[in-house]
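Assemble the whole structure, with the sequences as input and the hints as a guide.
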Amino acid sequence: MNRREFLAYGALGGGASVILGAAEAQTATRTYELFIEPADVEMIDGTIVYMLLFFGGPPGVREPRPVLRAVEGETVVLRIVNNAPEAHRFQVPGVTGATTTNIAPGQRREIRFTAPVGGTYIYLDPLQAPLYRLVGLHGAFIVTPRNGLTLAGSPTPYSATSQTAAVRAVFDAMGTMPRFAGDKWNPNDIARDKVWVFSQTDPALNKRVELRQSVDLATLAANFKPRYFTINGRSGFDLDEDPTVRISGYVGQPTLIRTINTGLATHAPHIHGNHCFELAGNTTAGAVSVRSNVYERDVWMLAPLDRKDLLLPFEIPPDIPREAWPPVQEPWPLRYVMHCHTEMSQTAGGGNYPQGALCHWELLGPQRPVA
Amino acid sequence: MTDFPLAGTRFDATAPLNFDSFGCNTYKVDSLPTPDRLEPDVRFVRGVRFGLELPTPDGKTIEVWRFEDELAPRPVWPSPPIRVRQGQLVHTQIYARNNAHTIHHHGIEPTTFNDGVGHVSFEVSDTYDYQWRPHTPGTFFYHCHKNTVLHFEMGMYGLLIVDPPSGPGTIYEGGPSYQVEAMWVADDLDPRWRTLGHSAGMCGEDVGLNRFDPKYFCISGVFAPNTLNDPRVMVRAQRGQTVLIRLLNASYSILRTTLPMDAQVVALDGHYLGGPEKPWCAPYTIRANTPFEMVSAQRMDLLIRPRLPGVFTAKLEFLDWVTRAIQNGGQGVAQTQIVVT
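Here the protein sequences come in this chain order: V and U.
If you number the first sequence the way our numbering does, the last residue is 371 and the count never jumps.
If you number the second sequence the way our numbering does, the last residue is 341 and the count never jumps.
None of these hints come from the bench; they were simulated from the model.
A couple of the hints might just be wrong.
[As the list claims (entries may be wrong)] One side of the interface only, derived from the structure: several residues of chain V facing chain U at Cβ under 10 Å:
{"hint": "1", "residue": "Asp240"}
{"hint": "2", "residue": "Ala265"}
{"hint": "3", "residue": "Leu302"}
{"hint": "4", "residue": "Glu315"}
{"hint": "5", "residue": "Gly356"}
[As the list claims (entries may be wrong)] Covered stretches of chain U (in silico footprint by chain V; criterion: 3 or more residues with CB under 8 Å from a CB of chain V, positions within the stretch not fixed):
{"hint": "6", "region": "4–11"}
{"hint": "7", "region": "19–31"}
{"hint": "8", "region": "130–136"}
{"hint": "9", "region": "208–219"}
{"hint": "10", "region": "277–288"}
[Said to hold, decoys possible] To give an idea of the interface, some chain U residues facing chain V are shown, with a C-beta separation under 8 Å as derived from the structure:
{"hint": "11", "residue": "Leu89"}
{"hint": "12", "residue": "Pro110"}
{"hint": "13", "residue": "Thr111"}
{"hint": "14", "residue": "Thr112"}
{"hint": "15", "residue": "Phe113"}
{"hint": "16", "residue": "Val120"}
{"hint": "17", "residue": "Phe152"}
{"hint": "18", "residue": "Gly201"}
{"hint": "19", "residue": "Asp269"}
{"hint": "20", "residue": "Ala297"}
{"hint": "21", "residue": "Trp321"}
{"hint": "22", "residue": "Val322"}
{"hint": "23", "residue": "Thr323"}
Remember, it's a predicted structure, so these values are computed and weren't measured experimentally.
Cβ atoms here follow ideal geometry from the backbone N, Cα and C, with glycine treated the same way.
What follows is the structure, encoded as structure tokens:
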């Protein structure tokens with residue numbers, strides 16, 4: 001029953017998302033298997049923390065917290081197996097039919113639902129909210145629009161029916177306005193579509209769950225003292241070379257960043273090097289909310305259960321003097337951090353700055369080499 | 001690549017890239033020439049100073065760290081603003097004075113060497129000239145980016161204002177104008193963090209930097225409740241004038257602001273809203289007495305146009321990042337007044 005798994009994230013190449021091929025996108029049904037299981041997870045400072053995680057992916061794949069992807073309108077089939085010692089549930093907040101009742105230990109459940117309108121969603125265990133979500137039972141569900149083109153033909157991550165004039169203007173500007181010389185956003189290049197799931201871990205809370213002690217949900221927030229702050233389950237140096245989190249590209253390769261907060265603390269993601277366009281968020285009911293006024297931000301608020309999509313334009317960092325562009329003496333790549341500015345999140349185990357919720361994007365050169 | 005000296009930086013071919021060089025023992029130089037250096041139009045000199053004890057309203061004192069303007073030294077906190085015009089080539093020279101530090105010009109987007117983040121470039125033990133040229137007018141700030149969790153909280157920051165080429169008075173060239181300017185920088189201070197050394201926690205010690213329990217709340221260096229009547233914070237305007245409030249959340253709280261009159265948001269994070277080059281955004285209005293929230297490091301530029309004389313109170317509430325309760329048992333509030341004649 002208790003299939004405890006040890007995850008040393010620093011040494012593991014997991015977390016890769018499942019890539020949609022063009023042909024596959026034509027299929028009407030998409031099947032995933034998810035296994036709810038305990039795991040002993042090594043934090044950046046070597047501390048081992050008990051977690052409950054979703055493992056899985058397409059049949060036969062076994063990744064922790066897999067990114068699930070579907071195309072709008074497809075039938076999504078989820079086969080969920082609970083290998084944890086207590087009951088759990090599954091839910092995609094805001095999506096009709098994407099929910100289960102209690103799944104008892106050792107039981108399996110299959111659900112089917114229609115992939116909703118294009119955008120970024122969370123899947124989680126809603127039981128005893130927010131307890132099991134905080135202990136690790138969460139992940140990202142990404143829906144690709146069936147038709148994401150603007151009227152001018154620019155690809156976007158949003159269905160034509162939910163696009164706003166403001167969001168169309170942003171994607172139409174890419175590769176068109178001199179400021180954004182280069183490519184349009186490329187929806188078929190997984191390197192241009194990143195998912196950053198922020199979370200926080202208080203080992204004392206996880207320990208209570210491991211020991212199957214009761215947790216008072218009324219005082220959970222007041223007692224929640226997170227010591228680890230992660231993006232896609234990792235933090236600090238472990239994210240430095242992580243290709244699923246780090247963004248690499250040339251000037252003119254705009255990149256979508258889907259940011260999600262599954263924790264209980266409000267984050268303040270701050271990106272260096274370029275301001276980002278805040279494209280979409282979510283309503284309290286869980287629906288995708290495409291912005292009708294798109295702000296250029298260097299910090300965005302990411303409250304618990306928020307999903308916010310940002311477009312990193314990959315423009316020339318605009319405050320480099322043009323006489324000094326491209327740099328000659330300064331080496332490439334130009335490397336910029338993204339970190340949460342509520343800086344308690346930059347710690348691990350009470351110190352160890354900057355081994356918290358921090359990662360990087362890098363500019364490889366002034367323009368994409370011609371193939 | 002040239003023979004530019006990279007020793008000590010992350011780009012030193014012999015430099016290790018590992019857990020230690022990422023945090024505890026990161027890249028440091030005493031001094032380094034600025035790569036791709038140009039002659040500046042304007043320069044600022046900022047030296048690190050520790051040990052400024054500020055009196056608190058409860059009769060105690062609390063220490064802040066800061067950057068001093070070494071061309072006009074004065075023991076002020078927050079650090080003196082850097083104010084420049086769009087398009088000027090700027091050099092900001094740091095003197096670390098006390099161990100290693102950096103200056104990051106927040107929201108300004110220069111090259112990596114000039115961005116002031118140690119683990120992707122270098123920290124500075126002596127001096128370095130950060131080179132940048134602001135391309136857009138707006139409200140920014142600068143701060144130390146070493147052990148940032150602590151150094152920023154200890155007060156190592158100041159405002160950075162970029163005016164349009166024609167100078168103060170408009171949001172951008174040809175944009176909305178203002179006659180009165182206010183700068184509100186919200187901050188919160190935790191006395192426990194004052195017991196920590198500048199490198200606290202960096203090499204693995206648990207010094208509790210994940211826990212933040214502020215006891216003092218400031219606007220622009222003035223402690224609440226004195227903010228209510230302090231002329232450094234209060235706004236005085238005449239009917240018919242337009243007031244620009246540059247609001248920065250330099251705290252680690254969620255800042256919930258309630259203004260007593262309608263405010264037009266004309267810029268966010270140093271980028272103005274609207275204008276012919278930005279068809280994706282436009283200014284918007286926040287109605288009077290409607291609270292709005294900002295997380296750490298966000299900026300809002302707000303225009304208010306008082307129509308009636310009177311004394312109006314603005315309220316800034318500091319909320320815990322997990323519980324969203326008002327900090328310090330409900331005491332985390334700073335108020336000030338807008339006096340219209």
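**Asked** If you look at each residue in the region 277–288 of chain U, do at least three have a Cβ nearer than 8 Å to any Cβ of chain V?
**Response** With 7 residues closer than 8 Å to chain V, the region 277–288 of chain U meets the three-residue bar; holds.
**Item:** Coverage of the region 19–31 of chain U by chain V (three or more Cβ within 8 Å)
**Value:** holds (count 4)
**Item:** Asp240 (chain V) as an interface hint toward chain U, with CB separation required under 10 Å
**Value:** Holds - the Cβ of Asp240 (chain V) comes within 10 Å of chain U, reaching about 7 Å at its closest.
**Item:** Hint status (Cβ of Ala265 (chain V) to nearest Cβ of chain U, threshold 10 Å)
**Value:** holds, 5 Å
**Request:** Tell me if Val322 (chain U) is really an interface residue toward chain V, meaning its C-beta lies closer than 8 Å to one of theirs.
**Result:** Nearest chain V Cβ about 5 Å off; hint holds.
**Request:** Using Cβ atoms only, decide whether Trp321 (chain U) comes closer than 8 Å to chain V, and label the hint accordingly.
**Result:** holds, 5 Å
**Asked** Regarding the hint that Leu302 (chain V) lies at the interface with chain U, is the smallest CB-CB distance below 10 Å?
**Response** holds, 8 Å
**Item:** Satisfaction of the Phe113 (chain U) interface hint, Cβ to chain V closer than 8 Å
**Value:** holds, 5 Å
**Request:** Count the residues of the region 130–136 of chain U whose CB lies closer than 8 Å to any CB of chain V, then report whether that count reaches three.
**Result:** holds (count 6)
**Asked** Does Pro110 (chain U) pass the interface check with chain V, least Cβ-Cβ distance below 8 Å?
**Response** For Pro110 (chain U), the interface hint holds, since the closest Cβ of chain V sits about 5 Å away, which is under 8 Å.
**Item:** Status of the hint placing Phe152 (chain U) at chain V (closest C-beta pair under 8 Å)
**Value:** This hint holds: Phe152 (chain U) lies near chain V, its Cβ roughly 6 Å from the closest one there, short of 8 Å.
**Prompt:** Mind checking, does the region 208–219 of chain U have 3 or more residues with a CB under 8 Å from chain V?
**Reply:** Three-residue rule met by the region 208–219 of chain U, so holds; n is 5.
In this structure, every one of the numbered hints holds.
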